[in-house]
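Student: With these hints in hand, go ahead and build the complete structure from the sequences.
In the order they appear, the protein sequences are chains A and B.
Residues in the first sequence are numbered consecutively from 3, following the working numbering.
Residues in the second sequence are numbered consecutively from 785, following the working numbering.
For the record, the hints were derived by calculation from the structure and aren't laboratory data.
The beta-carbon is built from N, C-alpha and C at its ideal position, and this holds for glycine as well.
It is possible that part of the hints are untrue.
[As the list claims (entries may be wrong)] Label-pair restraints from in silico Cβ distances: (1) 110/A to 960/B: 23 to 31 Å; (2) 115/A to 951/B: 34 to 42 Å; (3) 15/A to 951/B: 48 to 56 Å; (4) 801/B to 115/A: 15 to 23 Å; (5) 1071/B to 22/A: 15 to 23 Å; (6) 15/A to 801/B: 54 to 62 Å; (7) 23/A to 1075/B: 54 to 62 Å; (8) 200/A to 840/B: 29 to 37 Å; (9) 110/A to 843/B: 50 to 58 Å.
[Stated by the list, open to error] Computed footprint of chain B on chain A, listed as stretches where at least three residues anywhere in the stretch have a Cβ under 8 Å from a Cβ of chain B: (10) 179–187; (11) 205–219.
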Amino acid sequence: MTGHDKAQPPAPVAARRRRLIAYALVAPGTAYLLLVFCSVILLLFSYSFRTERSSRLFAPFSTETWSQALGDDYQLGVLWTTLRVGVVVTVLTVALAYPVAWCLYRVRRWWVRGLLGFVIFSPILVSVVVRSYGWMLLLSPGGLLAGPLDGWLYHEPGVILALVHVELPFAVVPLLAALRTLPPGVLEAAADLGASPARRLRSVLLPLTLPGIVAAAQLVFALTVSAFATPALLGGGRVTVLSQSVYQNIQQLNWPLAAVQALLLLAVALVVLSVFNRLSRLVDVRQRRDRKGTIA
Amino acid sequence: MSVPALHADGVSKWFDGRRVLDAVDIEVREGEFFSLLGPSGCGKTTALRIVAGLDAPDEGRVSINGTDVTRTPAHRRPTNLVFQQGALFPHLSVFDNVAFGLRTEKTAKREIAGRVEELLDVVGMAEFAGRAPGTLSGGQRQRVAMARALVRRPQVLLLDEPLSALDLGLQLRMRRELRALQRRTGTAFVCVTHNQAEAMEISDRIAVLNAGRVEQTGTARELYHTPASRFVAEFIGENNLFAGATADGLTLPADHDGLLAVRPESFRLAAADDAASVGTATVRSAGFLGPRLRVVLETATGREVLVDAEAGATTAAVGERVGLAVAAAQVAVVPETAVPEAAVPEAGLPEEGAVREAAS
Ligand SMILES: Nc1ncnc2c1ncn2[C@@H]1O[C@H](COP(=O)(O)OP(=O)(O)O)[C@@H](O)[C@H]1O
Ligand SMILES: [Mg+2]
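Tutor: Below is the structure:
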């Protein structure tokens, strides 16, 4: 007994109580989310290791469904389409949303800000199904955009176009929040130190709002890969993503394949989200371990 | 005289229909420590921002070493500004903060390292090069901000209340360091402050700004002994102001019937019946300040007069009637300038200011 373990002073009673209250507040929501999530995941896993025989679950453990989902060209194509549409929509949406968020951040007059905000967030007020039908009308023969965007309907570009529109407001919110945390004066300081507008964007604005960019990208990606109505309507059966495939398999009572694809969808989302998370660590001295080196 | 390092020529600025700067004229000489002194809200920061190119003047011109830069954007001006709150880049290390201004001008890597380390040495922050700004104290951040601005070797360094965030002890030490830094670099410094003691201690010359107008420009001595306006007489040090030579029961030795000013240390306490005295007054309080005794007196008309007397030689009992003496040379005539009390909104330009605001 050398007293090493006494180095830490005991937590004061007040602090302990505060922590208890915090746990109590967090517990219900967390428990709800965890219970639902865990039970669904367990269910999916158990389904995914069975097979389908004449529209019924066939009980014995088997990896047949997994090898079907990962070995079949069509199934891999669906996975690949989902990933591609997700990444393209995410990049386009965040790139479009950034200047929009910047405008909202800079506009001083309250009524211009209100109007701009309404225009940007109004799509949320309309059902996704209605908006997707709207895009179909615009793109279908005789529609307003049928001329310049000929052949986009029922093809990937049309799906991407409509998805970007659907997700745009969700990207603006985290970006705007990030811009509002910009410390006062840093952009002017950069200008004063000789940075051109492009340089200020690259060396100050983007790095300092990176957490917002990552949050926006994660949100948009998660929403896009799980989107159902828009790709179903605008793809017209020719562009199939995982969420549609899951739906089709359930309709055909092929529960095991649907479970495998749902898990694939989850895996894709988790992998991509964690990659985004990594990105934000690279730029900021506050998050770097070494706390030394210089950035070129 | 050579070309001034900085010349602000008739600079005016409106914000929301309010005139914040009113035809400001400032000439800063090469290698000079120049202070812009004025109370909070008088337009000091706005003036610096206009010189730095962060705000555009509505009227007037700015030139640096003879080159008109009025239309030059901030990132192309040979000035650097030390911001009031530091405005360090929180995502960059101290080293990278200081190096930022060199990297924007494509300096060679080796030279960058050398110059950054040299400047960090000068401000005593060399050992903190790898730290994030968020982990530094206010004084340390201020030093980094100075290094970051100076490393670019600006032709004019602008400082916005560089010491106001520091505690008093550090402030007093940093005053001397700031002055030494300016001497060492030979750069013209324009330092904004609301602290008259600070401005007097470190500046070669001072411009006193009041409600967007320059009331007087001169050395600390000139401002102290020959104030050009009532505002300067009251703002710089302490003063007893009198409406005329015979006012408040005193007969001051001056043949001028306008505003007169007598510094507390210029009055001498005498016997009540002393022939040399200019009047009598009753002692209301006497406070011991070490070398001096601060005596507050009241004249027959109820007017308060401040007197600083030598502590050793003076005894002033509260309630005692004493005589006040002052030499004619110590009575300053203060011009009653026609400076308006506050800047008045004017028609015509306000709209333009508002539009500029919205567009920025
Ligand atoms: N961007 C702005 N918009 C509107 N008013 C401003 C702006 N900047 C400064 N002002 C006003 O101009 C006046 C002078 O401000 P400032 O130059 O910051 O004074 P100081 O630095 O001397 O305290 C203040 O009344 C302030 O409210
Ligand atoms: Mg200020």
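Student: Decide, hint by hint, whether the structure agrees.
Tutor: Hint-by-hint comparison with the structure:
At roughly 42 Å, the beta-carbon separation of residue 110/A and residue 960/B lies outside the given 23 to 31 Å, and the hint is violated. Distance hint for residue 115/A and residue 951/B: a CB-CB separation of about 40 Å, consistent with the stated range 34 to 42 Å. Checked against the hint of 48 to 56 Å, the pair residue 15/A and residue 951/B fails, with Cβ atoms roughly 34 Å apart. Distance hint check: the CB atoms of residue 801/B and residue 115/A are about 21 Å apart, consistent with the given range 15 to 23 Å.
Remark: the range hint 15 to 23 Å for residue 1071/B to residue 22/A is contradicted by a beta-carbon distance near 56 Å. Distance hint check: the CB atoms of residue 15/A and residue 801/B are about 58 Å apart, consistent with the given range 54 to 62 Å. Restraint check, residue 23/A to residue 1075/B: a C-beta distance of roughly 59 Å satisfies the suggested window 54 to 62 Å. The hinted window of 29 to 37 Å between residue 200/A and residue 840/B is violated, with their beta carbons roughly 21 Å apart.
Remark: the range hint 50 to 58 Å for residue 110/A to residue 843/B is contradicted by a beta-carbon distance near 23 Å. Interface restraint, the stretch 179–187 of chain A with chain B: holds (3 residues with C-beta to C-beta distance below 8 Å; minimum three). Given a C-beta distance limit of less than 8 Å, the hint that chain B covers the stretch 205–219 of chain A holds, as 4 residues qualify and 3 suffice.
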